[in-house]
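S.K.: As given, the protein sequences belong to chains A and B, one line each in that order. For what it's worth, the numbering used here labels the leading residue of the first sequence as 1, then goes sequentially. For what it's worth, the numbering used here labels the leading residue of the second sequence as 1, then goes sequentially.
Incorrect hints may appear among the rest.
Straight-line alpha carbon distances no greater than 16 Å define the calculated EDC-like cross-link-like pairs of lysine to aspartate or glutamate that follow [what the hints assert, rightly or not]:
#1 B:Lys59 x A:Asp292
#2 B:Lys12 x A:Asp292
#3 A:Lys274 x B:Glu24
#4 A:Lys254 x A:Asp292
#5 B:Lys59 x A:Glu211
#6 A:Lys283 x B:Glu24
#7 B:Lys59 x A:Asp280
#8 A:Lys236 x A:Glu211
Hints are computed from structural coordinates only; laboratory data are not their basis. Given the structure is predicted, the values throughout are model-derived calculations rather than measurements.
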Amino acid sequence: MALLAHVARGCSRIPKLQLEAALSVRFQSTLSHNDTKARRARELRPRRNYLLNDEVEQHRKSLLQQSPEVEEIPVQQAEANVPRDFRHVMPEFLPDPNPLYRDRVTEKLERMDMYRRRTCIDIPEFYVGSIMAVTMADHHAPGKQSRFVGICIQRSGTGLRADFTLRNVIDGQGVEVRFDMYGASLQKIEVLKLEQRLDDELFYLRDAAQEYSTIPFDFEPVPLPKGATVPVNSTKVKLNPRPWLERWERHELKGVEDLNLPEKKYRRARQVAKPWERWDLMKRQRESINEDEEESIMKETYMETESTRRARGRQKASLKKTR
Amino acid sequence: MLRFRIRTRPRKMASLEGLGSGPEGRLKRLRKHVTALIRHERLETTYAQCDETRGYAEKLITMAVRNGDRDKHTMEMADYWLLEKDLIHKLFKVLVPRYQSLPATATSIHRISTEYPGDGRHMGVLELKGNPWPPVRPQPRNTRLHLHNIQLEEAKKEYHQERLRAKSAAAAVPPEGSSVDGPAGSSVDPDPIDSESESGESKNSGDSSKR
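Produce the entire structure from the sequences given, and follow the hints as far as they go.
M.R.: Put into C-alpha cells, the structure is as follows:
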C-alpha cells in the first residue's frame, strides 16, 4: 500500500501544466479511422500504465528516493505453503492475460480491494456445478432482500469484475442470474453443495430436461467431510432433441450422454475441430499468465486470504482438483 | 517464463506448408524448424520464421528445464515438437544441463543480409547458445599486438618520459624571474606523477590528431 501510495504521491507532484500537456498530446495522437488494429495498439502502448513490480521496487530503493515520505514495507517473512492448485480455488485473482489489458498497478489495487471485500463478506470456495444460494439487497423485495438458489453454470471475469451465473427452474421457466462476486449488493453467498462437474461451463443445461437444473429453494446444505477432496459429479446429462442453442457436438463435452446425431453432423464437427491447438505452446503462452507471475500472485492471495479463512474457521477441503 | 519480448499476436503464416495449409501447416513447418534447431544448433531462414520458431524452441527448453523428464505434459510436448526421437534424449540430457543455470535466453537470433538479386526476403539466423559453430557476429579483433600499435605505444611512452624529464629539470632549477611565470611555477601538485600522466595524455591526444 505504501508503495502504491508513494507512486500516487509521485504522480501528484507532476506540475499541472505538464500534466495538461501530456493529456493534450494524448488527443493529438495520429490515430485515424483507417488504421490497422496493430497500429492502433502501438499508438496506445506507451501510454498504458505498465510498471513492473521489480522495477518499481528498484527505483523505490534507489538513493534518489531516500526521503522520509517513503515508508518501509515490511517483508512478509512467513513462508506460504500454497497448495499446488490454488488457482482453481480463486481463479479471479489472476489477471486477464491479454497484454493490451494488462495494467499491473490497477491489478494490484483491484486485488487489494478484493481482499478487503473478502473481510466483509464470506466468499466461499465454489466451482462450476456447485449448488449455491445468494442473498442480495433488493429494495423491491418485501424484506429488502432476495435469495436465489441455483446451480453454478459459469464463472468468468477477472479481478473486481469476476462473476458467476446461477441457474434454476422457477414455475417451469428456466432462470439464470449473473452475480458480480464482489458486487456491493451481495449480502451472503452460501455453497449448499460443493462439487464439480465434468465440464468447465454448463450452458448445455439450457438444452436439457428441466429436472437437471431444478433446485428447490429450501435445499438443505450438504456438508463435506473434513479433509475430503472436492467431489466430481460425473452425471451425464441427456440433452433434448435438436434444435439446440448451440451445436453441442462441436464442443467436446464430457458431461453429456451420446447425442444420437446423424453421421454428417459428426463429420462436420471433425472438419471444424482444431486438434492442433493443443500443441501450440505459444498460443498457450499468450493466453495464460506465465508460471512465475501466477505463482507470485497466488502466493500473495493465499497469504492475504489466509487470515480471513482462519477467522471464519471454515473446514478446509483439500484443494487438489481431482479432475 | 520467456526472457524475451514476444509479439502480441502470432504471425499467421497460412501457407508455410503450401497454399492453404492454415494454422495446422504452420505448426507442422515450425515443428520441422524446431527439430532442425535442436539437431544442428543453428538455423537460417527468413527472419519471421526464425522469430516464430524461437518462441516454440525456448518454450520447449524452458519446460524441459523446469519440469524435467518425469513430467507427462512436457514429455508429450517434446514428443510432438521433436520429429526425430533421439533429440528427446538430447533435450533432456544435453540441453537441460547446459541451460539450467543460464540466467538468459537459451537461443539468440540475428538478422542477416538480404540476398541480392533475390526475392528480397529478410533473412535471419537462429541459434542455440553454446553451439560449436563459429560466431555469427564477427568478434572484435585484438589489434594490440599489431606492429603499428606497438610502435605507437612506444612513441607515447617516450613522449611522456621526455615531458617528465623536462618538468623535473625545470623544478630543480630555481626560477629566476618567478614573478613572470609565477602562477604556472607556483602551482604544486600533491601527486605530480598522476597529474603529469593525465596532462600528458590529453596533450598526446591533441598531438596524435596533428600527426
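S.K.: Against which earlier hints does the structure fall short, listed by number upward?
M.R.: 2, 4, 5
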